[in-house]
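J.: Sequence:
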Amino acid sequence: MNRFLSRFTVALTTLVLALTLAIAPANAALFHFSGTRPTTLGVQNGKLSPCPSTPNCINSQAADIAHQIQPIAASSLVKIKAAIVQIADASIISETENYLYAEFTSPLMGFVDDVEFYLDAAADVVHVRSASRLGESDLGANRQRVAKIRSMM
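For what it's worth, the numbering used here labels the leading residue of the sequence shown as 324, then goes sequentially.
Since the hints were made in silico from the structure, they are not lab data.
As the structure is a prediction and not an experimental result, all values here were calculated from the model.
Quick reminder that beta carbons are idealized off the backbone N, C-alpha and C, glycines included.
Any given hint might turn out to be false.
Dumping the calculated DMTMM-like pairs for lysine to aspartate or glutamate here, alpha-carbon to alpha-carbon at most 25 Å [to be verified]:
1. Lys370 - Glu420
2. Lys471 - Glu418
3. Lys404 - Glu418
4. Lys402 - Glu420
5. Lys402 - Glu459
6. Lys402 - Asp412
7. Lys402 - Glu426
8. Lys404 - Glu420
9. Lys370 - Asp387
10. Lys402 - Asp447
11. Lys402 - Asp387
12. Lys471 - Asp412
13. Lys404 - Glu426
14. Lys404 - Asp443
Restraint-style ranges between C-beta atoms, simulated for each label pair [unchecked claim]:
15. Arg330 - Glu418: 55 to 61 Å
16. Thr362 - Asp447: 17 to 23 Å
17. Ser357 - Arg330: 31 to 37 Å
18. Ala389 - Asn368: 21 to 27 Å
19. Arg330 - Asp387: 54 to 60 Å
20. Ala389 - Gln367: 50 to 56 Å
21. Pro430 - Ala470: 16 to 22 Å
22. Leu457 - Gln391: 56 to 62 Å
23. Pro361 - Ser460: 16 to 22 Å
24. Lys402 - Gly458: 29 to 35 Å
25. Ala386 - Pro361: 18 to 24 Å
26. Glu418 - Thr362: 14 to 20 Å
27. Glu459 - Thr362: 16 to 22 Å
28. Pro430 - Pro373: 26 to 32 Å
Working from the sequences, and respecting the hints, build out all of it.
T.: Spelled out as structure tokens, the structure:
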């Protein structure tokens, strides 16, 4: 009897796992959480938009430590773009000589994060802002993304 229950448990677990994996792509298609592109993107008076009060945003121009991240050492946006195009879930949406905007989409649920880079020639740095469109917590994804881009340069 114990042997039967053990085999049954293994078979049932395998079936549940297989169904979960089979349904995951359909769930991603049904529940694509892209949100709406913000209208506050871009540089205004030498500043990227401030972060909201939620912890799912970082900004090198933020005054509060919860949202603050170091700017990227002075480099060209060409190097930043070269790093971004190597990341599978990234799409460059717009760029000028001193600004680059990209969207990053999470593979499973389709959450979109907006990432901006502003070359501040006067300060000799590239300011960065990375923010999730939806939710409250990003589990550190925005910081990790900027660290990855920094390491790829």
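J.: Each hint: holds or not?
T.: We went through each hint and held it up to the structure:
no.	hint	result
1	Lys370 - Glu420	16 Å, holds
2	Lys471 - Glu418	20 Å, holds
3	Lys404 - Glu418	9 Å, holds
4	Lys402 - Glu420	12 Å, holds
5	Lys402 - Glu459	31 Å, violated
6	Lys402 - Asp412	18 Å, holds
7	Lys402 - Glu426	17 Å, holds
8	Lys404 - Glu420	12 Å, holds
9	Lys370 - Asp387	15 Å, holds
10	Lys402 - Asp447	15 Å, holds
11	Lys402 - Asp387	28 Å, violated
12	Lys471 - Asp412	13 Å, holds
13	Lys404 - Glu426	12 Å, holds
14	Lys404 - Asp443	16 Å, holds
15	Arg330 - Glu418: 55 to 61 Å	59 Å, holds
16	Thr362 - Asp447: 17 to 23 Å	30 Å, violated
17	Ser357 - Arg330: 31 to 37 Å	44 Å, violated
18	Ala389 - Asn368: 21 to 27 Å	23 Å, holds
19	Arg330 - Asp387: 54 to 60 Å	57 Å, holds
20	Ala389 - Gln367: 50 to 56 Å	22 Å, violated
21	Pro430 - Ala470: 16 to 22 Å	19 Å, holds
22	Leu457 - Gln391: 56 to 62 Å	22 Å, violated
23	Pro361 - Ser460: 16 to 22 Å	18 Å, holds
24	Lys402 - Gly458: 29 to 35 Å	30 Å, holds
25	Ala386 - Pro361: 18 to 24 Å	20 Å, holds
26	Glu418 - Thr362: 14 to 20 Å	19 Å, holds
27	Glu459 - Thr362: 16 to 22 Å	21 Å, holds
28	Pro430 - Pro373: 26 to 32 Å	29 Å, holds
The structure fails hints 5, 11, 16, 17, 20, 22 (numbered hints given earlier, in ascending order).
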